[in-house]
Amino acid sequence: GAVVSQHPSWVICKSGTSVKIECRSLDFQATTMFWYRQFPKQSLMLMATSNEGSKATYEQGVEKDKFLINHASLTLSTLTVTSAHPEDSSFYICSAAGTSERSDTQYFGPGTRLTVL
Amino acid sequence: QKEVEQDPGPLSVPEGAIVSLNCTYSNSAFQYFMWYRQYSRKGPELLMYTYSSGNKEDGRFTAQVDKSSKYISLFIRDSQPSDSATYLCAMRSSSSNTGKLIFGQGTTLQVKP
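Protein sequence lines correspond, in order, to chains R and F. Position 84 (the first sequence) corresponds to 67 in the working numbering; numbering is contiguous. Position 71 (the second sequence) corresponds to 76 in the working numbering; numbering is contiguous.
In case anyone wonders, no lab produced these hints; they're calculated from the structure. Being a predicted model, the structure only gives us computed values, none of them experimental. Ideal placement from N, C-alpha and C gives every residue a C-beta, glycine not left out. Be a bit skeptical, because a hint or two may be false.
A few chain R residues that face chain F, going by a derived Cβ cut-off under 8 Å, partial list only [what the hints assert, rightly or not]:
1. LYS38
2. GLN89
3. THR98
Now the stretches of chain F that chain R is said to cover, found in silico as 3 or more residues with beta-carbon under 8 Å [claimed, not checked]:
4. 48 to 54
5. 73 to 81
6. 102 to 108
Pulled out of the complex, with its shape left as it was, chain R reads as follows:
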């Protein structure tokens, strides 16, 4: 149980373009979703927290205009990297915190590898 999916699993784009990453909770409703970034051989860095129907809360140092987050429903959150540059290349992982039987902790998606050329 507690399945979280991400799409796409990997994406390559040109510098200056925008990329959208979807995060879905497949078998539970997620009141809160989180977006993380992970560099090679490093731990997860929380970028932002989003609640369904509300504006996302960004961590210090994360550009909210560059990383647009939308949490339109209890099963879907999207992260859009706007005007991507090579330094945005990273592994982006979402997680979801649910209600009722999925209420203990966050469950993570499989991640999306973004490469900006």
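Starting from the structure of chain R, add chain F where the hints point.
Same frame as chain R, now just chain F:
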């Protein structure tokens, strides 16, 4: 000083060995403790979730929490090559599952056949 300290390893053991993975933390407000397993190029997978001090066992995995020492452990019995992964400890103070998780750096484990 980081809130959560975890030796990054790598830790290499022979198949069948008992593995001990550990984290220390400084914030006495942490009450909820998790261990996640992350395979290369994959998202973290929840292995164990514990509240406050004590032990929890699930198959070959045992999680221990010692709040007095601010120390948590994950033991893996009869380790298998498929256990080769990075193990992340995580913890939070909030009783809500929407509370921010604080992660350790992760320990890379290699189990050799």
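Hint numbers contradicted by this structure: Going through the list in order, the structure violates hints 1, 3, 5 and respects the others.
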